[in-house]
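Participant: Sequences listed follow chains E and L, in order.
Read in UniProt numbering, the first sequence has 180 at position 180, and its numbers run on one by one without any break.
Read in UniProt numbering, the second sequence has 185 at position 185, and its numbers run on one by one without any break.
Worth flagging that the hints you see were computed from the coordinates, not collected in a lab.
We put the CB at the ideal spot given by N, CA and C, even for glycine.
Wrong hints could be hidden among the right ones.
Computed far set for chain L versus chain E, every beta-carbon distance over 10 angstroms [what the hints assert, rightly or not]: (1) 31; (2) 74; (3) 200; (4) 234.
Chain E regions said to be covered by chain L (calculated; three or more residues, Cβ under 8 angstroms) [what the hints assert, rightly or not]: (5) 213-221; (6) 245-254; (7) 300-314.
Protein chains: 2
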Amino acid sequence: MAITKSNILLVGGGGVGTIGAFNLERGGLADVTVVLRSNFDKVKSDGFDIISSDHGVVKGWRPSRIVKAIPNSDEEKFDHIVCTTKNIPDAPPTVVDILSPAVTPGHTVIVLVQNGLNIQKPFFEAFPNNVVLSGVSMIGSIELPPGVITHRDPDVLQIGPFRNPNLAKDAQDEAARKSIEIYSAAGKAECTSAADVPYSRWRKLVYNACLNSTCAITGMDTGRLRVAGAPINALVRPAMEEIRLAANACGVPLPDDIADTMRSIMEPISDYFAPSMLVDVRRGNLMEYENIVGEPLRAGTKQGVDMPTLRTLYGLLQAIQWKLKEAKGMVEVP
Amino acid sequence: MAITKSNILLVGGGGVGTIGAFNLERGGLADVTVVLRSNFDKVKSDGFDIISSDHGVVKGWRPSRIVKAIPNSDEEKFDHIVCTTKNIPDAPPTVVDILSPAVTPGHTVIVLVQNGLNIQKPFFEAFPNNVVLSGVSMIGSIELPPGVITHRDPDVLQIGPFRNPNLAKDAQDEAARKSIEIYSAAGKAECTSAADVPYSRWRKLVYNACLNSTCAITGMDTGRLRVAGAPINALVRPAMEEIRLAANACGVPLPDDIADTMRSIMEPISDYFAPSMLVDVRRGNLMEYENIVGEPLRAGTKQGVDMPTLRTLYGLLQAIQWKLKEAKGMVEVP
Numbered sequence: 001m002a003i004t005k006s007n008i009l010l011v012g013g014g015g016v017g018t019i020g021a022f023n024l025e026r027g028g029l030a031d032v033t034v035v036l037r038s039n040f041d042k043v044k045s046d047g048f049d050i051i052s053s054d055h056g057v058v059k060g061w062r063p064s065r066i067v068k069a070i071p072n073s074d075e076e077k078f079d080h081i082v083c084t085t086k087n088i089p090d091a092p093p094t095v096v097d098i099l100s101p102a103v104t105p106g107h108t109v110i111v112l113v114q115n116g117l118n119i120q121k122p123f124f125e126a127f128p129n130n131v132v133l134s135g136v137s138m139i140g141s142i143e144l145p146p147g148v149i150t151h152r153d154p155d156v157l158q159i160g161p162f163r164n165p166n167l168a169k170d171a172q173d174e175a176a177r178k179s180i181e182i183y184s185a186a187g188k189a190e191c192t193s194a195a196d197v198p199y200s201r202w203r204k205l206v207y208n209a210c211l212n213s214t215c216a217i218t219g220m221d222t223g224r225l226r227v228a229g230a231p232i233n234a235l236v237r238p239a240m241e242e243i244r245l246a247a248n249a250c251g252v253p254l255p256d257d258i259a260d261t262m263r264s265i266m267e268p269i270s271d272y273f274a275p276s277m278l279v280d281v282r283r284g285n286l287m288e289y290e291n292i293v294g295e296p297l298r299a300g301t302k303q304g305v306d307m308p309t310l311r312t313l314y315g316l317l318q319a320i321q322w323k324l325k326e327a328k329g330m331v332e333v334p
Numbered sequence: 001m002a003i004t005k006s007n008i009l010l011v012g013g014g015g016v017g018t019i020g021a022f023n024l025e026r027g028g029l030a031d032v033t034v035v036l037r038s039n040f041d042k043v044k045s046d047g048f049d050i051i052s053s054d055h056g057v058v059k060g061w062r063p064s065r066i067v068k069a070i071p072n073s074d075e076e077k078f079d080h081i082v083c084t085t086k087n088i089p090d091a092p093p094t095v096v097d098i099l100s101p102a103v104t105p106g107h108t109v110i111v112l113v114q115n116g117l118n119i120q121k122p123f124f125e126a127f128p129n130n131v132v133l134s135g136v137s138m139i140g141s142i143e144l145p146p147g148v149i150t151h152r153d154p155d156v157l158q159i160g161p162f163r164n165p166n167l168a169k170d171a172q173d174e175a176a177r178k179s180i181e182i183y184s185a186a187g188k189a190e191c192t193s194a195a196d197v198p199y200s201r202w203r204k205l206v207y208n209a210c211l212n213s214t215c216a217i218t219g220m221d222t223g224r225l226r227v228a229g230a231p232i233n234a235l236v237r238p239a240m241e242e243i244r245l246a247a248n249a250c251g252v253p254l255p256d257d258i259a260d261t262m263r264s265i266m267e268p269i270s271d272y273f274a275p276s277m278l279v280d281v282r283r284g285n286l287m288e289y290e291n292i293v294g295e296p297l298r299a300g301t302k303q304g305v306d307m308p309t310l311r312t313l314y315g316l317l318q319a320i321q322w323k324l325k326e327a328k329g330m331v332e333v334p
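So that you can see chain E by itself, here it is in the shape it has in the complex (with noise of 0.2 angstroms):
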């Protein structure tokens, strides 16, 4: 039996999704189109280097295709979007202006391996017949200097969907599975079916919305917090467990002690981590803190918990973005 190749378009080739693309291209069930802005000149002439935990060292890869922008739908049918790129709602493009163009309604799964809660609202809004899954990565992967690409945590990846009213639920768990199936064959990534994904990002943002917010705004990476001590009982520990009501609020449940097991998550694993938006500050890139700490603290004070630690966390995060805009020449001091 021939195989047939889904047809997929990769947003955001930089250290998550060009792992992710050469996984793809790997296994045999993709043609892959990666989308490349900044680096796609470098590695039109000399191809992506790879140094990976999971597929060895690559000189000179080159995707099937690459391009400049983002393909139309008019022109080309994708089965699967998978978009890696950052998620800053407040920094227009949103995500959703820029892949729309290529999504074709009805069609395309849209794949988002992305940080943070509601991410998949404007897809909803925007195109409410297609199917949204959620991609949650473990990878530690990072591009640097542009073309090369440094792998070393191994690729662990959970889909699921993102329950879409308007769509029948075995129709969304077959996109799930089909994705798994094509992101496993290569038999090199870690690639398993989320259950529940609201449950997995709920989660999840117990450590994003509270230590990864607080490391970016102290400059302190997770050791250094440890520490120092006392912060992490005056502010992480109270954040967690509003994140812990506030999911609860919203109908998913997490464990009693979810802080203590999050806490002794990152024990071990994390001595001197720099987590995201910490590495993103330290760039004077723009920080993902609208999806992880906003909309956990609008979901869960819409349903009446009171989150001060949260909302003051939040206040600061908005305070340094804008510092950061200002430094990127997005915003003016009058």
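Position chain L against the provided structure of chain E, taking the given hints into account.
Facilitator: Here is chain L on its own, set in the frame of chain E:
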């Protein structure tokens, strides 16, 4: 009638202290000994160069006497010790450690021209029979480089007693009155009586605990915070309200609209103003966060006031202080 001059020791010969020393000597009612540290040699050879909105341009001014170390009360009796150093109890030696050798028990009046709450307490414990005065200074004066003082804003100083239950009220009032007389003698400074020290200190905290701390944490001046907009409502206002409730619970009623008053005070005068803790962070100096944020937080919490915004700001400041200490080699990462 011959004038009996007061023998004054001034500790902290920076921007505030040097103008204080100059103003005291110019008034003719005091002999001033100034304790200098890093700038001792420079001032000994060249004196201070002063550009002052109150006193004009003064080249090569030397106080009557400069010393490198705190004198001992066995050798010399000081009528007043005026302290204009930073007050950082989390980085010993503390202010009481520093001043103690020069204090004559039961005689020396200790004048603390410093920010924050409860700074008198260690002195009440160490010297239960000495008057301790509060100095709240509004002066804008800096020393940069060593020996060069630029004094822009008028020297406004409020003096009043920290009420010591061991001493007669009249004796404390008289000590304050005399200090004001001595400091006012040059006819340049606006030195007035602070009738209610707890009130004026809590009132200043509405600004300092909330806005000063937010600027220090975000690395943004007051103007930028105001332009960024949302953070003011998200956390500065709630923090100010928590300070008001804490003050009320501690028996120091502040007006209901104090947050509005403080914000309107700040509007015209503080365009792109960097408050003290932000200046410290930028220079890599330790912040006075314990007396400015920690003490009101502890005082309010002890009275049962819920202060989640201040608690969060305090935890973040603790972390940032730790980072500042790490950079100075005062703490180490294991």
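Participant: Can you tell me if the region 213-221 of chain E counts as covered by chain L, using C-beta to C-beta distances under 8 angstroms and a minimum of three residues?
Facilitator: holds (count 5)
Participant: If I take the minimum Cβ distance from residue 234 of chain L to any residue of chain E, is it greater than 10 angstroms?
Facilitator: violated, 3 angstroms
Participant: Checking C-beta pairs, does the region 245-254 of chain E have three or more residues closer than 8 angstroms to chain L?
Facilitator: Contact hint for the region 245-254 of chain E vs chain L: violated, 0 residues under 8 angstroms.
Participant: Would you say residue 200 of chain L is clear of chain E, with no C-beta pair closer than or equal to 10 angstroms?
Facilitator: It holds; residue 200 of chain L is separated from chain E by about 27 angstroms at its closest Cβ, greater than 10 angstroms.
Participant: Given as covered by chain L, does the region 300-314 of chain E meet the bar of three residues or more with CB within less than 8 angstroms?
Facilitator: holds (count 6)
Participant: Far enough from chain E: is every CB of that chain over 10 angstroms from the CB of residue 74 of chain L?
Facilitator: holds, 40 angstroms
Participant: Hey, is residue 31 of chain L genuinely clear of chain E, shortest beta carbon separation above 10 angstroms?
Facilitator: With a cut-off of 10 angstroms, residue 31 of chain L remains clear of chain E, as the shortest Cβ separation is near 45 angstroms.
This entry does not satisfy hints 4, 6, going by the numbered hints stated previously.
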